[in-house]
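A.B. asks: Going by the numbering used here, the sequence shown opens with residue 210, and the numbers climb by one from there.
A couple of the hints might just be wrong.
What the hints assert, rightly or not - When the alpha-carbon atoms are kept at most 30 Å apart in a straight line, the in silico BS3-like pairs for lysine-lysine are as follows:
1) Lys-265 / Lys-384
2) Lys-354 / Lys-497
3) Lys-251 / Lys-265
4) Lys-624 / Lys-499
5) Lys-265 / Lys-354
Stated by the list, open to error - Label-pair ranges, simulated between beta-carbon atoms:
6) Glu-266 / Ile-649: 50 to 56 Å
7) Phe-493 / Thr-654: 38 to 44 Å
8) Ile-327 / Lys-384: 27 to 33 Å
9) Ala-666 / Cys-237: 37 to 43 Å
Hints listed in this document are in silico derivations from the structure and should not be mistaken for laboratory results.
Ideal placement from N, C-alpha and C gives every residue a C-beta, glycine not left out.
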Amino acid sequence: MTQRRNFCSSANVYSQVPDGGWGWVVACAFFVVEALTYGVIKSFGVFFNDIRDSFKETNSRISWIISICVFVLTFTAPLSTILTSRFGHRPVVIVGGLLVSSGMIVASFSQTVVHMYITIGIISGLGFCLSFLPTVTILSLYFEKRRSLVTAVASTGECFAVFTSAPAITALKEKIGWRYSLFFVGVLQLNIIICGSLLRPIIIRSPGTPKVPSAENRKEVQYMLENEKTHTSIDSIDSGVELTTSPKNVPSHANAEPEPKTDIEILVKSSDTKPGEKASLLDFSILKEKSFICYTLFGVFATLGFFAPPLYIIPLSISLGVDKDRSAFTLSAMAVAEIFGRISAGFVLDRKPIRKIYIELICVILLTVSLCAFPFASEFWGLITCSAFFGFMLGTVAGTHLPLLAEDDVVGIEKMSSAAGVYVFAQSISGLAGPPLSGILVDSTHNYASAFYSCAAGMLVAAIFLALVRPCKVGLCQHPLDEAKSESQKSKALQDTPEDFLEMDLGKHENKVNKKNEVV
Numbered sequence: 210m211t212q213r214r215n216f217c218s219s220a221n222v223y224s225q226v227p228d229g230g231w232g233w234v235v236a237c238a239f240f241v242v243e244a245l246t247y248g249v250i251k252s253f254g255v256f257f258n259d260i261r262d263s264f265k266e267t268n269s270r271i272s273w274i275i276s277i278c279v280f281v282l283t284f285t286a287p288l289s290t291i292l293t294s295r296f297g298h299r300p301v302v303i304v305g306g307l308l309v310s311s312g313m314i315v316a317s318f319s320q321t322v323v324h325m326y327i328t329i330g331i332i333s334g335l336g337f338c339l340s341f342l343p344t345v346t347i348l349s350l351y352f353e354k355r356r357s358l359v360t361a362v363a364s365t366g367e368c369f370a371v372f373t374s375a376p377a378i379t380a381l382k383e384k385i386g387w388r389y390s391l392f393f394v395g396v397l398q399l400n401i402i403i404c405g406s407l408l409r410p411i412i413i414r415s416p417g418t419p420k421v422p423s424a425e426n427r428k429e430v431q432y433m434l435e436n437e438k439t440h441t442s443i444d445s446i447d448s449g450v451e452l453t454t455s456p457k458n459v460p461s462h463a464n465a466e467p468e469p470k471t472d473i474e475i476l477v478k479s480s481d482t483k484p485g486e487k488a489s490l491l492d493f494s495i496l497k498e499k500s501f502i503c504y505t506l507f508g509v510f511a512t513l514g515f516f517a518p519p520l521y522i523i524p525l526s527i528s529l530g531v532d533k534d535r536s537a538f539t540l541s542a543m544a545v546a547e548i549f550g551r552i553s554a555g556f557v558l559d560r561k562p563i564r565k566i567y568i569e570l571i572c573v574i575l576l577t578v579s580l581c582a583f584p585f586a587s588e589f590w591g592l593i594t595c596s597a598f599f600g601f602m603l604g605t606v607a608g609t610h611l612p613l614l615a616e617d618d619v620v621g622i623e624k625m626s627s628a629a630g631v632y633v634f635a636q637s638i639s640g641l642a643g644p645p646l647s648g649i650l651v652d653s654t655h656n657y658a659s660a661f662y663s664c665a666a667g668m669l670v671a672a673i674f675l676a677l678v679r680p681c682k683v684g685l686c687q688h689p690l691d692e693a694k695s696e697s698q699k700s701k702a703l704q705d706t707p708e709d710f711l712e713m714d715l716g717k718h719e720n721k722v723n724k725k726n727e728v729v
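The whole structure should be built from the sequences, with the hints applied where relevant.
C.D. replies: Laid out in structure tokens, this is it:
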């Protein structure tokens, strides 16, 4: 593997996926971005009572601040993908960091809860999306063999933020008040801009290849690729069959030289884009893939299971007679266990050979079991055990569901950027509806266990769709009419093979044999 060394503002050029190099810097940047985005969202509850008392609002109206923020974060994912395809990862993350910080700082001067709906919900929510999604996408491009492990470890930034920021912000509020504390968080989020500046574009380039192929060579290579699918060229004395056609066999290009592979700039241009054709900013062809549709539905229903424990574990423990101070330890246990879950999942998924989609399915099933276990806990240590179990299993799913888009069982690395945008966009539905739905069930049943049961039901449906991803990819779920159409296309491709192609190669093969006989 070779690398062209550049300054921080230049692209990194490798001969193959580095699985390291500048990717370690990108991983550290993602850790910080994760802590300052999702970590802050999960820790926002420390301001909940202060904002409610200051504005004299109800709990439901205050809870909409984060609900709107999460909805905007996920709903604008396709916009993030389009902007990244158009301008690159670095400028999008820098703008996102500026929006996140600005929203938080302005929110500290809010006079009504509606002001916070706009500042934190919309402005910071958009910034969270523009910061998080491009960072996790470019990290996946820097790694291949270690992708799952590195992404899982880097994503623990939000867990460390939840574990450390709650007591730190609580202590800071006692000194300077909640408004200045919120202002401080906004200033701290300016570090996202620094992290964005470290996201160098990556280019995979074969050694010693020209940057732009000629039009003649492009036509020649296209002819080669078309005939490669027929497997009819006979140019190998050892096997009698050559899978690719030599350029010198192509009519009217008898003296042409083989064309080397061209550069693959995996961040800017799609390898499927034809010469002279403008690259698409968002590849909607992924919506035709049944495996991706099933995986997206998995994400929609799985998101329903992510909300109840952090929101309702403390009220549930208090309702069971646990002291308020001790109830807070359930969240700490959940955050620490999630760290180990993310790292363990990344380590397991990097083992080969292994079918990663099935490991994810096992984790989702166990996550469903952990949600069903909460209502059966009757005292403090039972809740701690359930929280740790749920946190561990949540870490295995939350730290790997986005990187799995890059696997061939879903869409592959080439389409990951577009797939991530559509996938996170679909999650906005359950992201907005999840907390109100759980609240309605709790209010109607007067039992916090109903929220956990509803999330377990959503997670169970998610497991069913996840189990269908692999069968859809390999065609086991294909309709008989689709199979017939596929077979007809293959037969048509064989019929369209040039008649003189096989004759030309046969003649060439006979000439080679005659020459050898003359020598003998």
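A.B. asks: Taking the hints in turn, state whether each one holds.
C.D. replies: Results of checking the hints against the structure:
1. Lys-265 / Lys-384: It holds: about 22 Å lies between the C-alpha atoms, which stays within 30 Å.
2. Lys-354 / Lys-497: 28 Å, holds
3. Lys-251 / Lys-265: 23 Å, holds
4. Lys-624 / Lys-499: 14 Å, holds
5. Lys-265 / Lys-354: 53 Å, violated
6. Glu-266 / Ile-649: 50 to 56 Å: With Cβ atoms ~19 Å apart, the hint is violated.
7. Phe-493 / Thr-654: 38 to 44 Å: With a Cβ separation near 42 Å, Phe-493 and Thr-654 satisfy 38 to 44 Å, so the hint holds.
8. Ile-327 / Lys-384: 27 to 33 Å: 28 Å, holds
9. Ala-666 / Cys-237: 37 to 43 Å: At roughly 39 Å between Cβ atoms, Cys-237 and Ala-666 fall inside 37 to 43 Å, so the hint holds.
Checked against the numbered hints listed earlier, the structure breaks hints 5, 6; every other hint is satisfied.
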